[in-house]
Amino acid sequence: MNEQLTEDGRLKHLLTLDGLPARILTQILDTAESFLTVGDKEVKKVPLLRGKAIFNVFFENSTRTRTTFEIAAKRLSADVVNLNIGTSSQSKGETLLDTVANLSAMQADMFVVRHSAAGAAHLIARHVAPHIRVVNAGDGRAAHPTQGLLDMFTLRRFKGGFHTLRVAVVGDVLHSRVARSQIHALTTLGCPEVRVVAPKTLLPRDVESMGVHVFHKMEEGLRDVDAVLMLRLQNERMQGARLPSAGEYYKRWGLTPEKLKFAKPDAIVLHPGPMNRGVEIDSAVADGVQAVILPQVTFGIAVRMAVMSMLAGGQ
Amino acid sequence: MNEQLTEDGRLKHLLTLDGLPARILTQILDTAESFLTVGDKEVKKVPLLRGKAIFNVFFENSTRTRTTFEIAAKRLSADVVNLNIGTSSQSKGETLLDTVANLSAMQADMFVVRHSAAGAAHLIARHVAPHIRVVNAGDGRAAHPTQGLLDMFTLRRFKGGFHTLRVAVVGDVLHSRVARSQIHALTTLGCPEVRVVAPKTLLPRDVESMGVHVFHKMEEGLRDVDAVLMLRLQNERMQGARLPSAGEYYKRWGLTPEKLKFAKPDAIVLHPGPMNRGVEIDSAVADGVQAVILPQVTFGIAVRMAVMSMLAGGQ
Amino acid sequence: MNEQLTEDGRLKHLLTLDGLPARILTQILDTAESFLTVGDKEVKKVPLLRGKAIFNVFFENSTRTRTTFEIAAKRLSADVVNLNIGTSSQSKGETLLDTVANLSAMQADMFVVRHSAAGAAHLIARHVAPHIRVVNAGDGRAAHPTQGLLDMFTLRRFKGGFHTLRVAVVGDVLHSRVARSQIHALTTLGCPEVRVVAPKTLLPRDVESMGVHVFHKMEEGLRDVDAVLMLRLQNERMQGARLPSAGEYYKRWGLTPEKLKFAKPDAIVLHPGPMNRGVEIDSAVADGVQAVILPQVTFGIAVRMAVMSMLAGGQ
Numbered sequence: 032m033n034e035q036l037t038e039d040g041r042l043k044h045l046l047t048l049d050g051l052p053a054r055i056l057t058q059i060l061d062t063a064e065s066f067l068t069v070g071d072k073e074v075k076k077v078p079l080l081r082g083k084a085i086f087n088v089f090f091e092n093s094t095r096t097r098t099t100f101e102i103a104a105k106r107l108s109a110d111v112v113n114l115n116i117g118t119s120s121q122s123k124g125e126t127l128l129d130t131v132a133n134l135s136a137m138q139a140d141m142f143v144v145r146h147s148a149a150g151a152a153h154l155i156a157r158h159v160a161p162h163i164r165v166v167n168a169g170d171g172r173a174a175h176p177t178q179g180l181l182d183m184f185t186l187r188r189f190k191g192g193f194h195t196l197r198v199a200v201v202g203d204v205l206h207s208r209v210a211r212s213q214i215h216a217l218t219t220l221g222c223p224e225v226r227v228v229a230p231k232t233l234l235p236r237d238v239e240s241m242g243v244h245v246f247h248k249m250e251e252g253l254r255d256v257d258a259v260l261m262l263r264l265q266n267e268r269m270q271g272a273r274l275p276s277a278g279e280y281y282k283r284w285g286l287t288p289e290k291l292k293f294a295k296p297d298a299i300v301l302h303p304g305p306m307n308r309g310v311e312i313d314s315a316v317a318d319g320v321q322a323v324i325l326p327q328v329t330f331g332i333a334v335r336m337a338v339m340s341m342l343a344g345g346q
Numbered sequence: 032m033n034e035q036l037t038e039d040g041r042l043k044h045l046l047t048l049d050g051l052p053a054r055i056l057t058q059i060l061d062t063a064e065s066f067l068t069v070g071d072k073e074v075k076k077v078p079l080l081r082g083k084a085i086f087n088v089f090f091e092n093s094t095r096t097r098t099t100f101e102i103a104a105k106r107l108s109a110d111v112v113n114l115n116i117g118t119s120s121q122s123k124g125e126t127l128l129d130t131v132a133n134l135s136a137m138q139a140d141m142f143v144v145r146h147s148a149a150g151a152a153h154l155i156a157r158h159v160a161p162h163i164r165v166v167n168a169g170d171g172r173a174a175h176p177t178q179g180l181l182d183m184f185t186l187r188r189f190k191g192g193f194h195t196l197r198v199a200v201v202g203d204v205l206h207s208r209v210a211r212s213q214i215h216a217l218t219t220l221g222c223p224e225v226r227v228v229a230p231k232t233l234l235p236r237d238v239e240s241m242g243v244h245v246f247h248k249m250e251e252g253l254r255d256v257d258a259v260l261m262l263r264l265q266n267e268r269m270q271g272a273r274l275p276s277a278g279e280y281y282k283r284w285g286l287t288p289e290k291l292k293f294a295k296p297d298a299i300v301l302h303p304g305p306m307n308r309g310v311e312i313d314s315a316v317a318d319g320v321q322a323v324i325l326p327q328v329t330f331g332i333a334v335r336m337a338v339m340s341m342l343a344g345g346q
Numbered sequence: 032m033n034e035q036l037t038e039d040g041r042l043k044h045l046l047t048l049d050g051l052p053a054r055i056l057t058q059i060l061d062t063a064e065s066f067l068t069v070g071d072k073e074v075k076k077v078p079l080l081r082g083k084a085i086f087n088v089f090f091e092n093s094t095r096t097r098t099t100f101e102i103a104a105k106r107l108s109a110d111v112v113n114l115n116i117g118t119s120s121q122s123k124g125e126t127l128l129d130t131v132a133n134l135s136a137m138q139a140d141m142f143v144v145r146h147s148a149a150g151a152a153h154l155i156a157r158h159v160a161p162h163i164r165v166v167n168a169g170d171g172r173a174a175h176p177t178q179g180l181l182d183m184f185t186l187r188r189f190k191g192g193f194h195t196l197r198v199a200v201v202g203d204v205l206h207s208r209v210a211r212s213q214i215h216a217l218t219t220l221g222c223p224e225v226r227v228v229a230p231k232t233l234l235p236r237d238v239e240s241m242g243v244h245v246f247h248k249m250e251e252g253l254r255d256v257d258a259v260l261m262l263r264l265q266n267e268r269m270q271g272a273r274l275p276s277a278g279e280y281y282k283r284w285g286l287t288p289e290k291l292k293f294a295k296p297d298a299i300v301l302h303p304g305p306m307n308r309g310v311e312i313d314s315a316v317a318d319g320v321q322a323v324i325l326p327q328v329t330f331g332i333a334v335r336m337a338v339m340s341m342l343a344g345g346q
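Residue numbers (our numbering), protein chains in the order written: chain V, 32 to 346; chain D, 32 to 346; chain P, 32 to 346.
Simulated from the structure, these hints should not be mistaken for laboratory data. Heads up, some of the hints might be wrong.
Pairs involving identical chains hold if they fit within one copy or between any two copies, as the list cannot separate such chains.
Claimed, not checked - Once the Cα atoms are required to be at most 27 Å apart in a straight line, the calculated DSS-like pairs of lysine-lysine come out as:
#1 76 with 43
#2 43 with 72
#3 292 with 72
#4 248 with 190
#5 231 with 43
Just need the whole structure built from these sequences, with the hints factored in.
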């Protein structure tokens, strides 16, 4: 049984896209469509979650992601409480579950959780009071489902659907929760060809079991794809043993206009941000006509509004 | 004259429970009762403090306490501004009173203040503009009145009242502002037997002048009590000269199921959190049926709503 | 053409007071007058910016300034999102413009920006989407326009106008964005005599080109002035090569009651805060009847409400 769904099959928590049925993914994307115009209105608010208390519980710092959830919650008229736990109770020796039990007792309606440990959001979801909803905003290398969803929203928006798409996920797949969420969503939504393009040292061993085709050369991996989903190369990897140097990485794996030419002429380029220009992506691509990186951000608000309203708004 | 009361005897500031009349304490507890159900409603808000500006002025970091005040204020529809002063003006050389005068000039209605120095909240209350209300959220070792009040609320809720209660406050009384607030409240509200149970090195010298009975053995101190109010042993104490080790402390003073058996069978166990499991409290007790530690948190929101609305809502 | 104005001459961004026409400055001050009473009302809110999203984007930490903008925005019923960027994306290697492009894509209506680099707010204003408004909350040594405006508001309020005023700006002009904004505003608003009073080492070389008279002695510089605008001496300067010591500075440049006697008997004293008592200002002056330092803070809220509502409220 799927711990993310209620007994009658509705979304209860959003922890991972792994195992979530296509029906739910599509419902989230459709709901997000309806919120897309809220941001353009004179008064950018809908009263769906008025009086609900949403806690952004960030055990790992991330201003950007926290902000998108905060904006999404405020547009739904919820009350938002931001907690940077890294600097607080945890350092006082309290356990994760005690922290969560305490926050539950403050009559929260929803936790948006980021944690450096894979599985943290699942653990929390299993221990909160029954009425509390949990959204995973990134757990270790495991999952970042709202990022995966906003990428799907972007693909559908620009490409019309998934059933004829050839998509390449490029870069540090090994350490990327974003890549995992993207791959699960793409395969579930019927994308016929999902590729990962990366050096061997940046691929998980069992990656092919996720239903992807592996490429170790950009020229081959990008050939005739409809979309390139670039991954961020984290700074700490650049000094690591798995990579020669940022400059070398750029030469082989950085998305330049030349390499992008292997893709279809109308291929789009996504990136979850923040970008390392001149490392995994060239500025000419990042700022080029094929990049849809900023629309991704805008769509991310709508997608998070959709998830939150489906979870707490009584659907 | 009591600086916490107006001339006609109503609550003006909440700085300490020391000297606050039973009538006021009871009024706060009664008001909190009426707020207890707000958290269960679909829309968790009442408009009592709409348009009021409440400043959480924390000179000492505390995500947990700050969050409970923030939630309480938002449920009352107030605007909340969080200020972590530790990292700001104070480090620029400004005096405490200048900081407070400045915040006053921003037309705040209420300051919720935490400070490492005993008396800080009193000092601030004496210097703010006459319309501004001050709530002490913890000052040094002196007082933590809303914690004391929520403990009283919890006792009354589970035990029906104070007049027949035998209560034990257990642990590091010396460094605990919570213990001081609890003892003042218990004696004021007519609790006939308040005990403190602690090693001599963790008791203030004059503790008996507060109207408590001192015990140096758990077996004796817990015998036939109706409630055990555990105190947190702060990490920095564990390495201190006053204690052998965390393990030794646990052996003698940690609340285990065995030691809890000395109390009445229906005795309840409170703890202000965050807990050090395996130090001052055993997990079997913390998670056991006698623990009311999570209800304390829920009640804490209602109690803080009560205090804030009495201070700023025109009563 | 002035990048701060729309084609039909209305305020579009507030980046600097340098070059802003007197008409706009006066409009801001007049609008602020109308907001001054909002803070005294039972419900301190007007619905002018309801549903607007205002981002406080602080690349440089400042609790005090951030708080005044937050309060002003909340009184206008806007949704406020606080971002301390110093600790986030920037440290992940993202460029300033990428950070801003991302925040823009979150459908912000206004950025309030503080940055340690002069020109940062201008750079941002040139790159945001056309509907987004930018307010400079301090950029390097260049400008702090809302501080300059609130000082003008204070002067006008206590002195009735600018056309007969003799004003002295005293202290570390060299490093002060406040001084620059004050001088531009004073000369634009028709103040006939603006003086700067400072040691040579704390004056910019070209200061006279700004239309001020330079004095190197307090006795002469303060003689018969209507207002003394004290500047803060930043801690890091006190150890610098440009100054002998804080004690020496106080002796020569600290505003004592004795030195203040050179000014007109009804001269007022301003200070942007936080004050270094006993360094640039004596407590007898800071707390004296001629000081209008706390009214400055109160007026600052009204001035920031005026700027924000003019920018985002459709005027």
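What are the numbers of the hints the structure violates, in ascending order? When the structure is compared with the hints, numbers 3 and 5 turn out to be violated.
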